[in-house]
Each structure stands twice: as C-alpha cells, then as structure tokens.
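So the protein sequences, as listed, match chains A and B.
Under this note's numbering, the letters of the first sequence match residues 5 to 390, in that order.
Under this note's numbering, the letters of the second sequence match residues 479 to 917, in that order.
Just so you know, the hints here were simulated from the structure itself, not pulled from any lab data.
Beta carbons: idealized from backbone N, C-alpha and C, even for Gly.
Keep in mind that a hint or two might mislead.
[Claimed, not checked] Some but not every residue of chain A turned toward chain B, in silico, with C-beta under 7 Å:
1) 161
2) 165
3) 167
[Stated by the list, open to error] Straight-line distance between alpha carbons at most 25 Å, and here's what the computed SDA-like set of lysine to any residue pairs gives:
4) B/572 to A/268
5) B/699 to B/833
6) A/268 to B/744
7) B/744 to A/258
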Amino acid sequence: MAEERADVVVIGAGIVGAMAAFFAAKSGLKTLVIDRGAVASGTTGAGEGNIMVSDKSPGPELELALISRDLWFDVAEEVGNSFELVAKGGLAIARNNPTTLYEFAESQSRAGVKTRKVEGKEILELEPHMNPNISYGVHYPQDAQCQPMLAAAQILRHVQAAGHKLISHQEVLRIKEAKDSLIIETQDRIIKSNFVINAAGTWAGEIAKRAGSELPIMPRRGFILVTAPLPQYINHKVYDSDYVDNVASSEAELQTSTVIEGTKSGTILIGASRERVGFDRSINVAIIKKLARQATSLFPILSTAQLLRVYNGFRPYSPDHLPVIGPDKNLPRLFHCAGHEGAGIGLSAASGKLIAQIINGEKTLVDPAPFAPARFQESQAKTGVA
Amino acid sequence: MSSTFSKYVIIGAGPAGLSAAATFAKQAIKVSVIDQYQIPGGQYWRHKYGESFPAEEFEFLLSSPFVEWNLETSIWQIEQENGHFLLHLRSAGKTTEMRTEKILVATGAIERSIPIPGWTLPGVITAGGLQSLVKGFDTSPGNSIVLGGSGPFLFPVVESLLDMSNPPTIKGVFEYRSNFRWWRNTLGLIINPEKAFAAIKFLLFLKRQKIRFETGVNISKIEATNSGLTIHLAKKKGSQSIIENVEVAAISYGFTPDLTIPSILKLERKIVFGEESVKVDRNQRGSINDVWAAGEVTGIGGHELAISEGKIAALSMLGKSRSSTISKLNRFRQKVFASGLAKIYAPSKDWMDWSTEDFIICRCEEVKKSEIIDSFKKLGADSARTSKLFTRAGMGMCQGRICHRNVSDLAQRFSDKKTGISPVSRPVGGAVTLGELSD
C-alpha cells in the first residue's frame, strides 16, 4: 500500500476539481487530485463548454456566474489559453411574445449582466441564418465558450507542473477521521490529508456516503447532437428562452429546449434535454428527433446537416438547483464543491476560488450561505471515528 | 412515421448474411435483409450492377419469396424495448422504423489503415478501395500499380487486376512479413490443404506472369514527383530501393471488424485473431438476448468461415442448433487456418516508427502524432477515447474508422495507464440528416 500526504485532497479530476486544485495550490496548499478514471472522464467529458450568465435569474447563482466568467479569463491567462476560451456571446430568442424574455433580461441587467434587446433585422445581423420569423431576442455579450476537457487537462497539467500531484484510475473507497486529519483509502493507496474537497460531480453523493455523510446529488441526463463539420453558420450560442424555465424545473420527465452553437472545428452542437432517469446511458431516439426538429425550426439551413454523433451526460443536480460549496455539516475537514447541474463549467472558476477561500478562512468572494452543504444535511451525534 | 415488422432481420448482405438468408429460405421462413449498398454481396462478392451474382449457390436469394430485401438502407440507431428491437432506418432520404425480434449482425469488416509518409497523396489508396473499383466498375485508377503492406488480401486484389479487360501494369507486390513466418500456420495449412495448394499455385502464377513479388519488404514512404509516385521500399535487413513513375500505390494491412452496429447494440467484444471483435458462443449468439453475429464481425477469418458462421447463426435463430454440426466442424477447421494467418500477418506496431512527430494520424481532423502522444504523456489520457476528447482524433467525419486502431496502438505505447484497446463507440450508425430526423 503506497502512502501519500497532502494538505488538501481533491476528489474528482473534472473541471470543478481542476479549478479547486488550481486555487488550492495557488493559495499555498500542497494539493493532490484523485479520480477513479482519467481526467475529465465524468460529466466534464460530456459537456459543451458553456460559460453563461444569460440563462440565470438574479440570485446567488448569477452572482457567482458573473464572477466566475471573468475569473475564467484570468485562469486562461495564467495557464495559457490552450482550451479555446472565447467570449462568443449568447442570443436568447423568443418565439412568440417577448414580454417574459424582456422582463427577465431587465432583472438580469439590474443584477449586473450586460444585455441588449434585439428585434427583427438586428437578429439577422447577429445570426444571418436564423429563421426570419423569429422577431425578438436579447443579446448577451458576456457569454463565453471553452473546450472543457482540454481546460480540465491543461489546468491540471499546470497544477502538476507547480509541484502538485494527480493520481488517476484510483477510486476512493473510504474516508475516515483521524486525530487531526482525514485518511482516504483507495485500492492501492492510503492518503493522509488535512482537508478533502469532494468535487466528484454526479457521484458526489456516493463519495459523501463513503465518508459517512450524505449529499442529495442526483443525475439529470442530457443529450447533445453533433453535426458533421459545416461552414460557420452560427456565430453565438443561440437558445430559445424557454431554456431558462426548463433549467429551473424540477420535473423528472423530459424537458427539452433549443440550444445551438458552432464550434471551432466546424461541428454544430445541439441540445438540450433534461430528464431524471438515473444513470441510463441508452440513446432515446424520440429525444434526438425532437432536438433535431427544434434546431431546424430555428436554423432551416441545418436540415441538410448530417448527424455525426450523439452523446449523453449526467448533470449533477441538487434539490434547489444551487451547487453545494462549503464545509460538511458533521465532518470538519471535509468540504464539498459539487452539484453544479448544467452550469459546472461556467461556475467552476468561482467555485474553486470560493472553496479555497473557505478552507483557508479568508474573506469569500460571495456570501457562501446559499451554497452551504449543511442545508441538506442532518446533524449527526458525534461518535468519534466514522 | 412508416413502421414495419419483421420477426427476423439480417444486417449485412455479405457472405455471412447471405449464408444465413439461404438457411432461412431453405426452411421456408421469411427474413428481412438490410444492406447499405445497392446490390447484395458485401465487399467480398462485389460485382458490377447487372452482372450475374458471383456466388452461384446464393443467386436464388435475389428472387426468393422468403427474403425481403432492404438495399441502400442504413441503420442509424437501434432501440430495445419490451423484448423487441426498433431499428431506425434511413433510405432514399427518408427515415422509417422496423420492429423485429431476432437480429443477426453480419456487418463485415473495414480496412486497417496504417499511416505511411505519403499516404495522403493522390494515387495512394487502400487495396480494398482498389478492389471495389476493379470489381464494381472494371476500372483502375492508374496504369502502373504497386501493391504493398501485409496480409493475404494482396493476392485476391492482384487476381482481380489481372482479370480486368484491360489490366494495368503491376510493377511489384511487396509483403512486409518474411517467408519464414509461414511455419506459424503449419497446422492450418495441413487441415485446410486446398488453401496450401491455392497459395502455391498463385505464387507460381505470379512467377509465370513475371510479376515482381517480394517478402520481407516494406513500403516505407511514398513521394510525389512530376512523373508520378516514387515508392520507397525498405528491406528488413536495412537495404533500400525505389520504384519510380508509379501511378497508383495500393496498400493493405488487413481488416478489422466493423463495430458500428455492435456498438449501438452494446454487444460485448473480445480480441479475436488480434482484432476487437464481437464475442459469440458456439451458436454464434452474442452477449444480448436475441442477437447473433456472424462473419468478419466476429473475427477476421475469410469468406468461407463467414459462410459457415452465417449458417450456424441462422439455424440457432430458428431453434435448430442441432442441425449445424457439419457447419461447426467446417468452422473449426477454418478458424484454425484463420488463427494461423493472424499469427503470420499479426498487425505490426512497427508503423509507429515509420514516421516523424509531425505526421498526421487523424486525417479528418488533421491531428498530428505529436499531439496524440502529448495527450498521453502530458495530459493524462489513457486510451483512444480520452485522447479523442483532448485532441479531436476520431471526432471527424469518419468517426475513427481510419484512426481509432492506430490511436489505440499509440495509447498502448505511450500511456502509462495500460487500459488496452478502448472499445469502438459510434452511436450514429449511418448517415442521416437533421431534416430527415425532423419529419
């Protein structure tokens, strides 16, 4: 059994784990990142790379998103922008009555989001291939895009180059309390650490369980359609404003909305669906057809686009749609940074910085109360070693 | 949405699929056969439209009342529900659905593409590509041809070329493996004597035709000049030579199972004769209930083995496995031979040393060898799949058909994680447009 020591162990080498490791390492903590698979082998590997402020209503999540969006560019400068980070901007459209969309945009604007109402011709200026019967929209210049798997990999490479460690293909089996540390056991390792950050995304609940705690994070499945490479027909991240309602919905059955964007390689990504079907990886043709139909109704030029690939991923979903960032209610050295649902990539930078600040007892970039894991956790009587 | 039902479906109309269909027809049971191409025969029995069917014993199937033909039809997805399968088909610009209860997967093989410096030049094609042109259209893309690579497939291609009405000049046929390796298939040659005789006969034939044939020689590089291609040959012992003014270089390194449909069905795989193949039991049953697999997709073994397997699978589908004893004996004999061939012509990893770092491995996305190696050494990728996420190798139009195996070889050499061949995964089985999906 190999033994390791660290100041902080980050469980999960996805984008949230990578950012947590980045900021923990930057603050001077000896960091060790561990994942049961390879880097970005969880939800990050199925992500689109959304760094959005436009789809969030005023509140703690939007506040975190605005900070996170700018932090992303700082991280890219420090690590080297080798992950296609670009502020391409978002365009939310309203198919019928724009009142709800415009009121929503106004409330966001008051909360610090840059918005611009667009109508008719202006929409076609932004998106020449949009269906001309779409008359109302809001342009959000702050929305950005990255390649999330590369981002996680490059950030972790940077962290390792600074002298920290990444152990892949080792599963955390147990987390035990010791006198002034936590002991993490994997198949081949025993790791002693002052702190642990649970950044295991959709599997954060399972990790919490292995520490004798609990976290109600559930999978919310999504599909993405990928077309064959095309000329650049779509300039922004374009989505139907009913996307926002779906994100906020707690319905278990299928919610679909239209989200379309181009990528650097020329493929067009189409989403988005949300369902609670556990970890079912099978392909649902009805959903694929619905997404295809929605996409071609917004961009008729896509009807001759060939479907190249379909993939699905599991967003980590918490009961109130806010991530859990903060200390475990009962285990003092265990921290959680998970449950970001479909906004993990966008929120990862600020979440990583926030959790590092909380661990170090520094002044935090936002009020951490709304994200406290304790809101979902029962108090446990102290019984000593778990 | 037009929807049909057919209790039995055979996917693939090559030797295995046709052999299975013949079994159904002889038992007077209806079966649907689906194939992407416009005429049946697969790659092995590729022939010109209008020509008589190359395999006399299966010609009757073309007009059999028990075979429902679905040609020029691709399957882009398969859903499983309540004990049956829903095939999502696409044909002539329209999508349709077919419900079925028992499936035979006989989707054959694709060529193993090994990258050589110069492989992207015009005039450089795969031997299989050349074979398709020759058999399907009696056309050769050039008048002077060099064939190279490794494997028994070089011979049938040479035969097809010489059968043409206007055969081109064959300037040389070069086999990478050396002669002494043939003892690895001694048992196979003994119990399949007709193959040993055929091989000797063919070698004598080449000699009589004065066609240059050498073993232990590799095509190491191809260059373009004003007067055509220059083929660089490297002998194992180190000596080099060139052949100039060549119009076509046809390269073959054997085949690998086409796992597109098996990956959609999530059939278990195993390594058979060195390649990732569909795992089947002695009755050709796959790991999923009511799914069978036969032919090259279960292991690259040639058309005779495919015919035996197709028959065994069909009899099993009909609940008559006891009647397949003779076919099973044939299958055993043929598998020994195929296994021996695989040992002689084992896919070589040497190709990784034939090119420099800036060489392109994924042609669709133009990903260099150095980027792929970096994904393993610097970014922590552990397999072809994770390398793909970082480099895009395998994400392009061909979805890894050309590069997946090669990236897997690079993974095995350069990744310290040693996860082996990562399974092929292609959720979209055939071309389908968003517009067709929207109807």
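Checked hints:
{"no.": "1", "hint": "161", "in the structure": "holds, 6 Å"}
{"no.": "2", "hint": "165", "in the structure": "violated, 10 Å"}
{"no.": "3", "hint": "167", "in the structure": "violated, 16 Å"}
{"no.": "4", "hint": "B/572 to A/268", "in the structure": "violated, 30 Å"}
{"no.": "5", "hint": "B/699 to B/833", "in the structure": "holds, 9 Å"}
{"no.": "6", "hint": "A/268 to B/744", "in the structure": "violated, 31 Å"}
{"no.": "7", "hint": "B/744 to A/258", "in the structure": "holds, 24 Å"}
When the structure is compared with the earlier hints, violations turn up for hints 2, 3, 4 and 6 and for no others.
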